[in-house]
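Given these sequences and hints, build the entire structure.
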Amino acid sequence: VFSGDGYSAGYYSYMWSEVLDADAFAAFEETGDPFNPALAERLRKNIYAAGGSKDPEELYTAFRGKMPSADAMMVKRGLV
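Counting with my numbering, you get residues 1 to 80 for the letters of the sequence shown.
Hints may be right or wrong, so weigh each one.
Okay, the calculated beta carbon distance ranges per label pair [said to hold, decoys possible]:
1) Arg77 to Ser8: 13 to 21 Å
2) Lys54 to Ser13: 14 to 22 Å
3) Ser13 to Ser53: 18 to 26 Å
4) Ser13 to Gly51: 39 to 47 Å
Derived from the structure by calculation, the hints contain no laboratory data.
In this text, a Cβ means the ideal position worked out from N, Cα and C, and glycines have one as well.
What follows is the structure, encoded as C-alpha coordinates:
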(Lines of atoms letter the chains of each structure in order from A; the text may use other names.)
(Lines give C-alpha, C1' and ligand atoms only; values in the text may rest on other atoms or scores of the structure.)
Protein backbone atom coordinates (compact mmCIF):
# COMPACT_ATOMS: atom_id res chain seq x y z
CA VAL A 1 0.00 0.00 0.00
CA PHE A 2 2.87 2.40 0.73
CA SER A 3 4.92 1.66 -2.40
CA GLY A 4 5.10 5.26 -3.60
CA ASP A 5 3.86 4.48 -7.12
CA GLY A 6 0.40 5.96 -6.64
CA TYR A 7 -1.18 2.63 -5.78
CA SER A 8 -2.16 3.79 -2.30
CA ALA A 9 -4.01 6.84 -3.66
CA GLY A 10 -5.84 4.65 -6.17
CA TYR A 11 -6.72 2.11 -3.49
CA TYR A 12 -8.03 4.87 -1.22
CA SER A 13 -10.28 6.17 -4.00
CA TYR A 14 -11.71 2.67 -4.58
CA MET A 15 -12.38 2.26 -0.87
CA TRP A 16 -13.98 5.71 -0.63
CA SER A 17 -16.28 4.90 -3.56
CA GLU A 18 -17.32 1.72 -1.75
CA VAL A 19 -18.10 3.78 1.37
CA LEU A 20 -20.28 6.16 -0.67
CA ASP A 21 -22.01 3.28 -2.45
CA ALA A 22 -22.86 1.43 0.76
CA ASP A 23 -23.92 4.58 2.61
CA ALA A 24 -26.17 5.73 -0.24
CA PHE A 25 -27.82 2.31 -0.49
CA ALA A 26 -28.28 2.31 3.29
CA ALA A 27 -30.39 5.44 2.86
CA PHE A 28 -32.81 3.42 0.73
CA GLU A 29 -32.76 0.50 3.17
CA GLU A 30 -33.58 2.87 6.03
CA THR A 31 -36.80 3.89 4.27
CA GLY A 32 -37.85 0.24 4.02
CA ASP A 33 -38.15 0.56 0.24
CA PRO A 34 -35.08 0.08 -1.97
CA PHE A 35 -37.04 1.78 -4.77
CA ASN A 36 -38.29 4.76 -2.72
CA PRO A 37 -39.30 7.34 -5.37
CA ALA A 38 -38.78 10.42 -3.20
CA LEU A 39 -35.29 9.35 -2.18
CA ALA A 40 -34.48 8.34 -5.74
CA GLU A 41 -35.46 11.84 -6.84
CA ARG A 42 -33.13 13.36 -4.21
CA LEU A 43 -30.34 11.12 -5.52
CA ARG A 44 -31.03 12.19 -9.08
CA LYS A 45 -31.29 15.88 -8.24
CA ASN A 46 -28.37 16.18 -5.81
CA ILE A 47 -25.89 13.69 -7.26
CA TYR A 48 -26.53 12.76 -10.88
CA ALA A 49 -28.05 15.98 -12.25
CA ALA A 50 -25.84 18.31 -10.20
CA GLY A 51 -22.62 16.82 -11.57
CA GLY A 52 -19.68 19.02 -10.63
CA SER A 53 -21.75 22.16 -10.07
CA LYS A 54 -21.05 22.26 -6.32
CA ASP A 55 -18.71 20.77 -3.78
CA PRO A 56 -19.24 16.98 -3.67
CA GLU A 57 -19.56 17.03 0.12
CA GLU A 58 -22.35 19.60 -0.11
CA LEU A 59 -24.17 17.59 -2.79
CA TYR A 60 -23.90 14.30 -0.91
CA THR A 61 -25.09 15.91 2.31
CA ALA A 62 -28.07 17.40 0.44
CA PHE A 63 -28.96 13.90 -0.77
CA ARG A 64 -28.28 11.93 2.40
CA GLY A 65 -28.90 14.53 5.09
CA LYS A 66 -25.56 13.72 6.71
CA MET A 67 -21.93 13.08 5.94
CA PRO A 68 -21.08 9.63 4.56
CA SER A 69 -20.17 6.97 7.09
CA ALA A 70 -18.12 3.80 6.66
CA ASP A 71 -20.56 1.90 8.91
CA ALA A 72 -22.67 0.53 6.04
CA MET A 73 -19.56 -0.67 4.20
CA MET A 74 -18.34 -2.42 7.34
CA VAL A 75 -21.69 -4.22 7.65
CA LYS A 76 -21.68 -5.08 3.94
CA ARG A 77 -18.24 -6.66 4.33
CA GLY A 78 -19.29 -8.56 7.47
CA LEU A 79 -16.87 -6.70 9.72
CA VAL A 80 -19.46 -5.54 12.26
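Given a hinted range of 14 to 22 Å, is it respected by the beta-carbon distance of Lys54 and Ser13?
Holds, at about 20 Å.
Cβ separation of Ser13 and Ser53, checked against the hinted range 18 to 26 Å:
holds, 21 Å
Falls inside 39 to 47 Å, the C-beta gap from Ser13 to Gly51?
About 18 Å separates the Cβ atoms of Ser13 and Gly51, which means 39 to 47 Å is violated.
CB-CB spacing for Ser8 and Arg77 relative to the 13 to 21 Å hint:
With a Cβ separation near 20 Å, Arg77 and Ser8 satisfy 13 to 21 Å, so the hint holds.
When each numbered hint is compared with the structure, a violation occurs for hint 4 only.
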